[in-house]
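From first to last, the protein sequence lines stand for chains Z and A. For the first sequence, the working numbering assigns the number 1128 to the initial residue and increments by one for each residue that follows. For the second sequence, the working numbering assigns the number 1128 to the initial residue and increments by one for each residue that follows.
It should be emphasised that the hints constitute simulated quantities derived from the structure, not laboratory data. Keep in mind that this is a model prediction, so the values were computed, not measured. It is possible that part of the hints are untrue.
[To be verified] Chain Z side only, calculated, beta carbon under 10 Å to chain A, not exhaustive:
(1) Lys1137
(2) Val1169
(3) Pro1174
[As the list claims (entries may be wrong)] Distance ranges between label pairs, derived from CB positions:
(4) A:Asn1285 - Z:Ile1219: 48 to 56 Å
(5) A:Asp1245 - Z:Thr1338: 35 to 43 Å
(6) A:Glu1147 - Z:Glu1153: 32 to 40 Å
(7) A:Leu1149 - Z:Glu1279: 45 to 53 Å
(8) A:Thr1342 - Z:Ala1287: 43 to 51 Å
In this text, a Cβ means the ideal position worked out from N, Cα and C, and glycines have one as well.
2 protein chains.
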Amino acid sequence: MSEPTLVKSKLICVALNDAEQLKRLEAIFNDAPYKKPPTEPVLYYKPRNTWSQDGAEVEWALDFEGKPVDAMVVGASLGVVIGRETCRVSEIEALETVAGFTVVGDYSLPETTYFRPDIRGKCLDGSAPVGPVVSQLSAPNSVEVVISVNGEEQSRFNYANLERSVETLISKISYIMTLQPGEVIAVGFAGDRSPVAPGDRVELSIEGIGTLVNTLGAKA
Amino acid sequence: MSEPTLVKSKLICVALNDAEQLKRLEAIFNDAPYKKPPTEPVLYYKPRNTWSQDGAEVEWALDFEGKPVDAMVVGASLGVVIGRETCRVSEIEALETVAGFTVVGDYSLPETTYFRPDIRGKCLDGSAPVGPVVSQLSAPNSVEVVISVNGEEQSRFNYANLERSVETLISKISYIMTLQPGEVIAVGFAGDRSPVAPGDRVELSIEGIGTLVNTLGAKA
C-alpha cells in the first residue's frame, strides 16, 4: 500500500496464454477433472498488497514457519493500461479503450499445479512491480518480452506466440467485468517463469516501453 | 466503482469452509488432479467492480452473447473488517486486528466445478454487496447466517459448522498477504448457494449485525 504504483483499482493477469506452453500441457489438461484444455482465458488477480513499482526491492518470501522459501520465480508481461470505462467492447474497438502500455512483473512461488489457484504463491507483498512508464505501441501483438537476471538473458518471448491476442483478451475480459481507467491487464507471461535468487537484479524489458528493474531482497 | 461500499482495497472470500460440504465433496477431491481434499483455505477475490452496498439492485447477468443468463445463486457470509495493518498474526491475537463484523453477499453464476477458479461467475459487476453496518460481535464463531428470498427462509448456517474458525482464517490469510484497515474477509459461505430469480428481494441476516437487503434486476 505504501509503494506508489501505476495501477488503479485492479491488476488482472492472464495465465496460460502461450500457445506452445498450452500444447506442452495438453496431456495434463486432458486428464481429470477437465478432460480438455481451457476454453476461455484463465485469469488471476494480483491484489493491492502486491502492487509495486520500478526500482523497488521485492521481498524474499517467507514460508508459514517464517523461514525464507527455497525458490522464487519471475514472469513478465505486457501490461495494458485501460483508459476509459469499458464494458462489453468488441475486438475491433478494444484498442480504443487503452490509455497505453507498460511492463508487469510477477514474482511468485514456483507453481506446483495448473488447477487450484495458487493464491499464496501469487499474492506475496510487493510481488507485482508495474512500470517504469506508460507508452504508446503501434503493434502490441508483436512485442518481445525479455527477462534478464544479473545482466544475463533468461527468457525472450514474442507476442506472435500468444494463444489469444491483446484485442481478444480486452474484449473477453470486458464481457466478464467492467473495466475502469487505470486498471491494468497483464495479457501474457512467457511460458516458463525464470528462477531468481536473493539479491538478484532483474530486468524486464519491452522495446518501445522500457525496462522495469527490481532487486530481490536478502533471505531474512 | 460508483457505489459507495464499506470495503477498502480488498474483498477476500473463503470457499469450501463448511465442514459438511467438504465431507460431501470428498469423492470429487480424492479424484485427479489432487487426490486429496484441500489442505489450506481456498480463497477467491471479489474485485472492485463487484463491490456494492445494502439496498442496491444486483444486475441480472448477461451471457457472452448479451442474453440474460438462465440462473444465478446467492451466498452469504460473515464479513470480518480489518482494523489495522496485519501481517503474520497468531490465532490468539487475530481478533485484536478486527475493526468489526458485517454481512457479505456473493451473487454469482452457479458453480460447475470446484477446480479451475470461476472468475467469470464470481466477478459480475455489483455482485458483492457488503453491509449494512459494521458491528461488534462477542462470539463470531457461533453466529447464524440466514438467507431469505421474498420473505422465505432458504438457508440457515451456523458457524459452529465452519471447517476453520474466524481466528484461524485471519491468521492464515495474514501469513499469505499483508492486510490493511478496511479490507474485508468473507470467512465462510453456507455450503449450498440459494437460487435467485429476476426481481427477487434477498435478505441476508446475521443476528447482532443486521440484514443486508438487495433486489435482483429484471432480465434485460
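Status of each hint after checking the structure:
1. Hint status for Lys1137 of chain Z: holds, given a least beta-carbon distance of 5 Å to chain A, under 10 Å.
2. Taking 10 Å as the C-beta contact cut-off toward chain A, the hint placing Val1169 of chain Z at the interface holds, the least distance being around 7 Å.
3. Given the 10 Å rule on beta carbons, the hint for Pro1174 of chain Z holds: about 5 Å separates it from the nearest Cβ of chain A.
4. Checked against the given bound of 48 to 56 Å, the beta carbons of Asn1285 of chain A and Ile1219 of chain Z, roughly 52 Å apart, stay inside it.
5. Roughly 36 Å separates the CB atoms of Asp1245 of chain A and Thr1338 of chain Z, a value that falls within the hinted 35 to 43 Å.
6. Checking the proposed 32 to 40 Å range against Glu1147 of chain A and Glu1153 of chain Z shows it holds: the Cβ atoms sit about 37 Å from each other.
7. Under the hint 45 to 53 Å, the C-beta atoms of Leu1149 of chain A and Glu1279 of chain Z, about 46 Å apart, fit the expected range.
8. Under the hint 43 to 51 Å, the C-beta atoms of Thr1342 of chain A and Ala1287 of chain Z, about 48 Å apart, fit the expected range.
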